[in-house]
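Peer 1: Sequential numbering of the sequence shown, starting at 1, is according to the numbering used here.
The set of hints was computed from the structure by calculation and includes no laboratory data.
On a predicted model such as this, the values are computed, not experimentally measured, just so you know.
There is no bait here: all hints are sound.
Below, simulated DSS-like cross-link-like pairs (lysine-lysine); rule was C-alpha separation at most 30 Å, straight line:
| hint | residue 1 | residue 2 |
| --- | --- | --- |
| 1 | K98 | K48 |
| 2 | K48 | K208 |
| 3 | K208 | K193 |
| 4 | K193 | K48 |
| 5 | K193 | K79 |
| 6 | K98 | K193 |
| 7 | K79 | K208 |
| 8 | K48 | K79 |
| 9 | K98 | K79 |
| 10 | K208 | K98 |
Just the calculated beta-carbon pair ranges, DEER-fashion:
| hint | residue 1 | residue 2 | range |
| --- | --- | --- | --- |
| 11 | D68 | R154 | 19 to 25 Å |
| 12 | D110 | Q46 | 39 to 45 Å |
| 13 | S45 | T101 | 23 to 29 Å |
| 14 | F214 | M158 | 31 to 37 Å |
| 15 | N41 | E108 | 38 to 44 Å |
Glycine is no exception: its CB is placed at the ideal position from the N, C-alpha and C atoms.
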Amino acid sequence: MNHISRCWMMMANNFRVTLLFLITFFITDNFLQSDDALLPNDVLSQIKSALLSSDGNNFEVVWTYEYDGDFWTGDGRMKILGRDYLRLDLDYQQILIKHDTLFTRYEETDQVVADWFDRTDPANFFSILLGEMPGFVVNEVVDLSETQIAVTLRAETMVGFDTLRMIVNRETWLPVSMSAEAGEDIRVEVQIKEAAPLTNPLELANEKLTGSEFIDLRE
1 MNHISRCWMM
11 MANNFRVTLL
21 FLITFFITDN
31 FLQSDDALLP
41 NDVLSQIKSA
51 LLSSDGNNFE
61 VVWTYEYDGD
71 FWTGDGRMKI
81 LGRDYLRLDL
91 DYQQILIKHD
101 TLFTRYEETD
111 QVVADWFDRT
121 DPANFFSILL
131 GEMPGFVVNE
141 VVDLSETQIA
151 VTLRAETMVG
161 FDTLRMIVNR
171 ETWLPVSMSA
181 EAGEDIRVEV
191 QIKEAAPLTN
201 PLELANEKLT
211 GSEFIDLRE
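Based on the sequences and whatever the hints tell you, model everything.
Peer 2: This is the structure:
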């Protein structure tokens, strides 16, 4: 074998090695990118699964409510256990949801009101949370940083809230903030200061609201 032939063989071998490296690189890179770049519906599924975990979540929140020019904001605590239990404690009221019943205790009057809870109601913020966001479709998913994404959902109907926005922690898939809007008059915003697992899920399942008067609107 002469010198020229050996050079051609070395060049061919180097080309094959380089080509194999490039193919391996692109396959691996595309795999990693496809794993990170979840589809919008997959993102929503991850959020639902984390928020409605059977282990339960305990949130320290700043709750803001705006209606027709009236504005209220304050600290509170929200607990969620699966799809069937939720408790929210604010300065002016407490809310407890157990399966198909919603209990509300008003601090000013010390009344507890019980009513049916419809988890498909797009006008009820708690129905959106526990009902796995019915009637909403993902409109946009934006990467804010390595650890956070912004998710915007739009309502499929003209009833109730028309826009739902969330900033989500990509490591836990739990919301860092949530806001829901109905036109220009109604807005609910929740800033989550801290999130932790429920230490005693059964305690939430067995909780009750008590007051000096009980009003049952289910009758």
